[in-house]
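Keeping their order, the protein sequence lines are chains A and B. Counted from 1, the first sequence has number 34 at position 34 by this note's numbering; the numbering is strictly sequential. Counted from 1, the second sequence has number 1136 at position 136 by this note's numbering; the numbering is strictly sequential.
Be aware that a few hints might be false.
Stated by the list, open to error - To give a feel for the contact side, a few chain B residues facing chain A, derived at Cβ under 7 Å:
1. 1068
2. 1104
3. 1117
4. 1121
5. 1129
To be verified - Derived DEER-like restraints, expressed as beta-carbon distance ranges:
6. 1022/B x 76/A: 46 to 54 Å
7. 1010/B x 594/A: 56 to 64 Å
8. 56/A x 1019/B: 23 to 31 Å
9. 210/A x 1018/B: 23 to 31 Å
10. 1033/B x 274/A: 22 to 30 Å
11. 210/A x 1089/B: 37 to 45 Å
12. 705/A x 1018/B: 55 to 63 Å
Simulated from the structure, these hints should not be mistaken for lab results. None of these values were measured; they are calculated from a predicted model. Every residue gets a Cβ at the ideal spot worked out from N, C-alpha and C, and that includes glycine.
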Amino acid sequence: MTERYVGQRITRNEDPRLLTGQALFVDDMDIPGMLHAAFLRSDYAHARINSIDVSAARKRPGVVAVYTAEDLGDYWRPGPLLVPAPHSVENVIFNQRTQVPLVKDKAKYVGEAIAVVFAVSRYVAEDALEDIWVDYEPLAPVVDIERALDSDAPLIHEGLDSNLCAHLAQEKGDYEAACREADLVISRRIAIDRGAAAAMENRGLVANWDDKSQQLTLWDTTQAPIPVRNGLAGMLGLSEHQVRVIAPFVGGGFGPKIMMFLPEEVLLPWASMKLKRPIKWIEDRQENFYATTQERGQVHQAEMALTSDGRILGIKDVFVHDTGAYDPYGMTLPLNTQSHAMGAYDVPNYLTDAKVVFTNKMIVTPVRGAGRPQGIFVAERLLDLAARKLGIDRIEIRKRNFISPDDFPHNHKIIDQAFSPLVLDSGNYRLALEQAAERIGWQEFIGEEQPRLVAEGKHVGIGIASFIETTGIGPYEGARITVEASGKISVATGVGTQGQGHFTSFAQIVADQLGVSVRDVHLVTGDTAAFHWGTGTFASRGAVVAANAIYAAAKTVRAKIFDLASKTLETPKEKLELVDGHVRVADIPDQAITLGELAVLANPMRGAVEPGSEPGLEATDYFGPRYGATASGTHAMILEVDSDTMMVEIKRYVAVEDCGTVLNPLIVDGQIHGGVALGIANSYYEKLVFDEAGQLLNASLADYLIPSALEIPRIEIGHEETLSPLNPLGTKGAGEAGTIPVPALFAQALEDALADYDLEILEMPLSPNRLFELMQEARMERGDA
Amino acid sequence: MSDMRQISVNVNGCQYDRTVEPRLLLSDFLRHDLGLTGTHVGCEHGVCGACTILLDGQPVRSCLVFAVQADGCEIDTVEGLGTMEKLHPIQQAFRETHGVQCGFCTPGILMTLVPFLEENSDPSEPEIRQAISGNLCRCTGYQHIVDAVLLAAEESRPEHSQ
Ligand code: FES
Ligand code: FES
């Protein structure tokens, strides 16, 4: 069989709908009689609520209902813990405090929902928010994560004796012993601050309880429709078959749209049942800043011990991770950080100690990258500083420390976010590094161009950074593939899609197996009525877990096609071939039958079928990897700093990625471009700025600077392909890789561009202002201010 | 609230007469009163550009205009460009270069580009980046969008169509 589609740059099946404005997004839903919801949110980061008066709001014409926590009765309960604490590590502390549907007595972050209004239009619902009176008693908030555990810090959750959410230490080897043998120990404080995922589409929901059929339908901008369905059914006391969750086209996910059981998602279905009306809620951009989950806040005290020839003997990383006001996502993020703070390197001794703290800020859950960029930042920064100190070239020191290609699978002997041993399955890190150095012209730049430009007074720098990305974790995904009577193929799978091109890359796999055009494969995704087993799109797992389930199901259908065709054409299977939607006898092309005809034969309307046979040309299959596949790569960049304005121009950007088998290079390139753009944003443009009272100061797109086409450079992409041995297709995830190394790379290139200042960049995100301050500080230290 | 206004607009060649509240945003009017949901809303404060439409031929952010201000105007939205069967050349170029990922920003970017390409048949990459700098996209890193514009411009030039 020839592979006609997998690996090709196939244009996307879903594009005509998206390009003509015909694709359905949640806010496009309109149901007669639909009400609109608006939420009253806390103005304070930490405040006791003495009373709430909603009487005026209830009287406003057009308002149908106003609810506070009190009105929810038994339905009021903290949300589920989405990821439990790892049971397999000793001495884990985890204090479960999940979010509540509406604040009962104490608001714990600015934007926490206090009351909800349902009215005939969104305009009226928002008017009615103004009618609600809340008697707040402001309390001192916890904002600075490094002070959250101070003995005099205000306590966020009653019933705990501090703001400690979790503590998890892991060790391999003996770091202290390694340290004693080291020629050099680099020890630094490293800080990474918060940013927003800021998908262009805000969150939204339409809930419709139909009293006659006793069915609840929820259109939800979720990345995980099946768990949402199962969870809601439980909360609402319905059978899972009474709840259908549809994630239609979703305008970007990036993590926070996993959004399982935030207040809005819990309240709308309940209210729709109570009011017997369809209800819509569409988040506005300001709410997206206050009430959609965020990420990245961590402060590390990190050490690297090395020999004088630059070999890493050990890493010690003690860090604090900000989980915000609640912890529904368990310890996924600090575990990811722990899994990545060794970078792509062979680190014989590792001690990692994470304390997770509660703060009076929005809840933290994964955002594209998900704890990994922080880990890579720690590993790469320490290694760069060591290289500088030891006088070793930045490329050379990486080569000396990479895990060697014949050392895979490489067991790091700690656990990862899936609580499995952190085993890196495959890779060849040196190849990507060499390719990146070659493409960016490392030698020429350092040898000729940079000295020339520096002599002209320019501040130009080059950087190179390597990374790994654990991807494609289990537990499993599934798919059902059916040959329809038309001869077209339908594929149903559970993962939601937010722009990753699943309608196309998954169709390519099926089209190759079933000998049809990729345009004749129709994918349904994110509708629990079509497929109801699976978990969702996160952790760069679609192309690994769902794709392999689809591959398995397609192979089974292929076998069924050959079985039936062999009987029908009275020809042994070996003599048959499957091309262009026909099964035909290899040497006699006109002796053929179409897939559509076979599908009809497989589903007879009369007569007896053989015992044990299943109707139709259909198969359902599942795939669950033993553990995650690890992608990797190296990025390089050249940038110039304007020393008057501190604006940075990226002159060249090279990304060399290894995500195993590439299903569709066009789509993978797009994923990398988008990932790198977010990484650049995380490095120099986007930062959520909170004041001492816990107020977010830049909650609009006018103040929170998402880079435009002028700031994001052209990105040159190179590929290495080491196939994952853990799945039949050999894929590894690619969704987050682009983002992960960028802050580390950006910092290194800035240091290089400003070499005369001898800067150490140990924080992210930066901004022109902050870079200016760092340069001033460096000058003062040198005494030439 | 009660003083409703009568307005009459021409959208994609069709005439609509409606009664609206003065405070109704043009974006909401198009999406929810007329059901033309191809125009998207990403911020409602004039930054993201997702809601861009043509108002009397000029690209405008429909979230910054009240529906009553469009009374008597001609409006073009993404629904008026091409159809699924026959994409407009700029839409076709977006498909060929993978200029769309989630597609949420896309309608606004297309409507920004239509007049841009009419005025610039041979734009440079910096000019294209400048032209779309008022449209945010979180998925693509803009590169494939820029490629789409280069391709559309190339294909529209006379030497190409021979
Ligand atoms: S919605 Fe109009 S500019 Fe963002
Ligand atoms: S394609 Fe998703 S925002 Fe542009």
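Hint by hint, here is what the structure shows:
| no. | hint | verdict |
| --- | --- | --- |
| 1 | 1068 | 14 Å, violated |
| 2 | 1104 | 3 Å, holds |
| 3 | 1117 | 15 Å, violated |
| 4 | 1121 | 20 Å, violated |
| 5 | 1129 | 4 Å, holds |
| 6 | 1022/B x 76/A: 46 to 54 Å | 39 Å, violated |
| 7 | 1010/B x 594/A: 56 to 64 Å | 48 Å, violated |
| 8 | 56/A x 1019/B: 23 to 31 Å | 28 Å, holds |
| 9 | 210/A x 1018/B: 23 to 31 Å | 30 Å, holds |
| 10 | 1033/B x 274/A: 22 to 30 Å | 28 Å, holds |
| 11 | 210/A x 1089/B: 37 to 45 Å | 44 Å, holds |
| 12 | 705/A x 1018/B: 55 to 63 Å | 37 Å, violated |
The structure shown violates the earlier hints numbered 1, 3, 4, 6, 7, 12.
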